[in-house]
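Participant: Protein sequences, first through last, are from chains B and A. For reference, each letter of the first sequence is one residue, going 6 to 480 in my numbering. For reference, each letter of the second sequence is one residue, going 6 to 480 in my numbering.
If you are wondering where the hints come from, they were derived from the structure by calculation, not from laboratory data. Since this is a predicted model, take the numbers as computed values, not measurements. We put the CB at the ideal spot given by N, CA and C, even for glycine. A few of these clues could be false.
[Unchecked claim] Far from chain A, some chain B residues (derived; all Cβ distances over 10 Å):
no., residue
1, G21
2, H289
3, Q336
4, R422
[Said to hold, decoys possible] Label pairs and their in silico Cβ distance ranges:
no., chain 1, residue 1, chain 2, residue 2, range
5, A, Q381, B, E57, 49 to 59 Å
6, B, R282, A, G149, 56 to 66 Å
7, B, R282, A, S55, 53 to 63 Å
8, B, P470, A, N67, 37 to 47 Å
9, A, S333, B, V288, 52 to 62 Å
10, A, R110, B, G21, 53 to 63 Å
11, B, R422, A, R42, 33 to 43 Å
12, B, P34, A, Q455, 35 to 45 Å
13, A, L114, B, R422, 30 to 40 Å
14, B, A14, A, H429, 32 to 42 Å
15, B, P470, A, Q381, 39 to 49 Å
16, B, R316, A, R450, 53 to 63 Å
There are 2 protein chains.
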Amino acid sequence: VSDSLNLFAVLADIVGPAHVHRDAGDMAPFLTDWRGRYRGQALCVVRPGSTEEVAAIVAACNAADVAMVPQGGNTGLVGGATPCSPSRHARGEIVVCLTRMNRIRAIDLDNNTITVEAGCILQSVQEAAAAAGRLFPLSLAAEGSATIGGNLSTNAGGVQVLRYGNMRELTLGLEVVMADGRVWDGLRGLRKDNTGYDLKHLLIGAEGTLGLITAAVLKLFPLPRDKATAWVAVSSPAAAVELLGRLRDTCGERVSAFEIIGQSALGLVLRHIPQTRAPLAAVHPWQVLLELTDMDAAGNLNGRLEQLLVREMGGGCLLDGVVAKSESQAQAVWNLRENISEAQRIEGISIKHDISLPISRIAEFIARADLLLEKQMPGLRIVCFGHIGDGNLHYNLSKALPQDNDEFIAGQPAVNRMVHDLVHALGGSISAEHGLGQLKRDEIRRYKSQVELDLMRSIKSALDPRGLMNPGKML
Amino acid sequence: VSDSLNLFAVLADIVGPAHVHRDAGDMAPFLTDWRGRYRGQALCVVRPGSTEEVAAIVAACNAADVAMVPQGGNTGLVGGATPCSPSRHARGEIVVCLTRMNRIRAIDLDNNTITVEAGCILQSVQEAAAAAGRLFPLSLAAEGSATIGGNLSTNAGGVQVLRYGNMRELTLGLEVVMADGRVWDGLRGLRKDNTGYDLKHLLIGAEGTLGLITAAVLKLFPLPRDKATAWVAVSSPAAAVELLGRLRDTCGERVSAFEIIGQSALGLVLRHIPQTRAPLAAVHPWQVLLELTDMDAAGNLNGRLEQLLVREMGGGCLLDGVVAKSESQAQAVWNLRENISEAQRIEGISIKHDISLPISRIAEFIARADLLLEKQMPGLRIVCFGHIGDGNLHYNLSKALPQDNDEFIAGQPAVNRMVHDLVHALGGSISAEHGLGQLKRDEIRRYKSQVELDLMRSIKSALDPRGLMNPGKML
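Sequences and hints are given; from them, build the entire structure.
Facilitator: Shown next as structure tokens:
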């Protein structure tokens with residue numbers, strides 16, 4: 006206890022007493038994830054305002070032998086930002102909340118870079134870029150509260166990866182407080198730098214287990230000046246993959262989103278989200294929301310997309326489709342896509358799989374997984390949608406209508422096993438863009454080779470020998 | 006000696022006696038780099054034909070406590086694939102030449118991936134992709150002999166990075182024999198995979214110091230169907246950066262190359278390379294070779310580029326320019342660009358700097374570096390060219406015409422120091438795309454922070470605790 010009191014005093018000295026929370030009520034929002042799946046315990050929550058303060062906090066935690074859980078907007082889906090319960094470190098854990106570190110440090114227009122602190126909300130970075138006449142392309146449903154630090158630590162993806170890449174591809178430099186409290190200043194704005202191991206890529210996607218990211222240099226892009234959005238019905242997932250191939254073949258990088266949406270996903274949105282309606286008259290098993298963008302305003306993308314779709318209509322892949330005639334029509338179809346998770350939440354409990362596959366194996370996966378699950382849990386509703394252009398499916402399950410929650414949840418381990426075994430057999434990944442966190446920490450051992458697990462543990466031991474950085478996550 | 010003889014016997018068992026070279030004459034080509042700057046010594050050269058053979062070689066070297074130097078096409082510029090002299094390992098080093106491992110293992114058209122062995126020559130991968138109707142975009146002067154393994158280990162760049170990224174961005178998966186002889190099978194063809202530390206990015210650019218890359222899954226792209234190539238004169242490097250900004254603003258990713266070429270670089274090519282001629286009538290201090298490409302054949306890129314350049318002519322940045330009217334005209338201007346290094350080699354000895362900067366600092370760098378060097382070595386000829394769109398300059402120096410070689414070379418350390426100090430002060434990198442190897446192994450210590458050097462050494466110790474992987478390179 007006196008150790009803890011001493012640590013609280015040191016932390017209060019570092020960040021100011023107002024930024025150390027110890028009351029249960031004050032701490033509560035930091036100790037559970039937003040889906041309510043995990044509840045953790047922590048000695049306190051500390052909210053630093055600068056890199057120097059973070060470094061001092063890490064030093065203090067080293068001195069007190071206390072572990073740290075970095076947290077941003079707390080929008081993660083795998084419990085990676087929630088402390089463990091019981092604590093995974095003998096002397097306990099503190100939550101280090103980065104949201105006070107929310108400065109845009111610099112924008113360099115000629116270099117097309119923006120330097121931001123880890124606590125910046127993604128949407129505010131998008132807005133700062135737009136105000137400077139540039140695009141920061143990372144875009145995902147939680148962008149109004151997710152922070153850049155979390156985006157980096159989970160290598161966030163979202164709906165524009167097809168064109169612009171994951172968070173990893175959007176990052177040129179990092180500033181990180183390492184496990185020993187030293188600051189690694191890797192805030193470089195360089196497209197080419199071959200001077201040693203790429204520490205940046207090691208820290209990105211490490212879920213806070215190797216160090217605490219405090220700032221980043223991110224890439225900016227020219228703002229698109231033309232856009233065409235379509236909602237089309239396709240005959241099958243294989244048809245969607247075929248269509249994607251032909252679209253990219255003629256339109257290249259202009260294909261900036263290509264999202265597949267199964268009928269049951271659309272149905273949930275239409276049922277639960279007010280003011281939504283189906284874009285097409287008939288009901289189809291599969292639809293694709295696709296978007297082309299171009300910096301060139303003179304290319305008449307809408308007209309071109311219409312031509313392309315008309316040409317496709319004879320081929321058997323495309324069953325029907327509509328090109329948005331206005332920004333509000335485009336917003337309306339995006340609204341359908343962005344509300345799937347919310348609609349599924351309203352419908353009731355769900356089992357989620359955030360998986361990826363080689364694009365060439367997606368159709369086979371869906372066909373085989375559907376069959377397996379129908380046998381295992383008759384009546385189960387498969388809510389399948391995702392970023393098919395990146396091979397990333399959200400293969401989610403809602404319970405059969407008469408089934409009760411307990412029975413459904415009791416079946417989760419078997420269902421997860423079935424889905425993930427199939428993903429693995431087809432060369433895929435059991436976590437495409439959400440990370441491992443607490444949710445898949447144990448399960449990943451089934452699928453990673455011993456060599457790879459050993460390599461990961463060697464790196465963890467080398468960079469965080471005392472195990473103070475986000476223990477119990479990922480490894 | 007008997008230890009060595011034993012090792013030779015074991016290696017001959019693994020790869021067959023024909024693939025172990027011990028004669029000085031047989032070994033000679035493997036013991037020097039192509040520029041002839043480094044000469045190393047090795048116990049033998051071994052040429053495995055499969056991943057299993059590489060794994061067995063690494064195990065044998067562990068048993069014999071002998072170090073390994075991986076080598077591909079031997080086209081590196083920093084001595085990274087040449088053994089050290091004296092050997093940096095007490096029991097000596099062997100060269101492991103990967104060029105027999107040159108199979109294209111698979112092409113997946115729907116997934117847009119190609120799986121290749123490390124010994125494949127870059128050009129043969131480009132050709133295999135083209136034969137399948139796809140583009141593998143990595144392109145560099147040495148592509149006719151450089152291998153994929155070397156491209157990966159140095160994170161190669163080249164002339165299309167602006168659009169498609171470095172080798173790092175082009176790679177989805179790796180197969181690597183780790184330092185203990187175990188094979189890490191990370192040959193995944195996934196765009197999204199967030200299941201732990203990104204080992205792939207750690208191995209790429211590691212110059213063979215962490216493991217021996219045996220195969221990779223690489224990204225493929227649609228083939229461009231339209232292309233426009235121009236050679237333009239600009240008033241200054243700052244004008245080139247401005248022009249690039251406006252081009253990307255309207256053309257986006259279509260800008261696939263943007264190469265700056267100083268007058269002295271062009272002059273050397275015109276003097277030494279047969280059948281070359283200046284594309285423009287007047288002599289200008291700076292020119293840019295730029296290229297737009299598009300998958301869409303209907304966009305009339307040539308016409309658009311002409312329009313854009315005409316509009317620029319009034320603005321002060323652009324002084325003159327010509328758009329290639331045919332593929333042979335395009336080849337002719339690319340020929341000027343690709344022969345700069347060769348022309349400089351014919352001219353005589355040179356001091357090279359492969360540096361990168363934030364694009365916003367390039368003009369300032371050139372102005373300040375030119376001034377400093379003119380003071381230091383009057384009459385020195387600065388041969389400056391490079392991938393300005395990536396912030397990457399080849400800031401090379403040829404001796405003053407009356408100066409003798411010894412005097413010039415004696416000045417190299419001071420000149421390097423001056424150039425690299427300025428690069429560092431402006432937030433740049435002293436090795437943009439060639440790596441550190443032996444050439445910059447010591448110098449990098451001046452510019453990397455102690456924290457970063459410590460992190461790199463921790464990783465090296467964790468993954469190669471016995472120091473058997475390419476000792477004396479990078480670290």
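Participant: Check each numbered hint from earlier against the structure, then list the numbers of those it violates in ascending order.
Facilitator: 5, 8, 11
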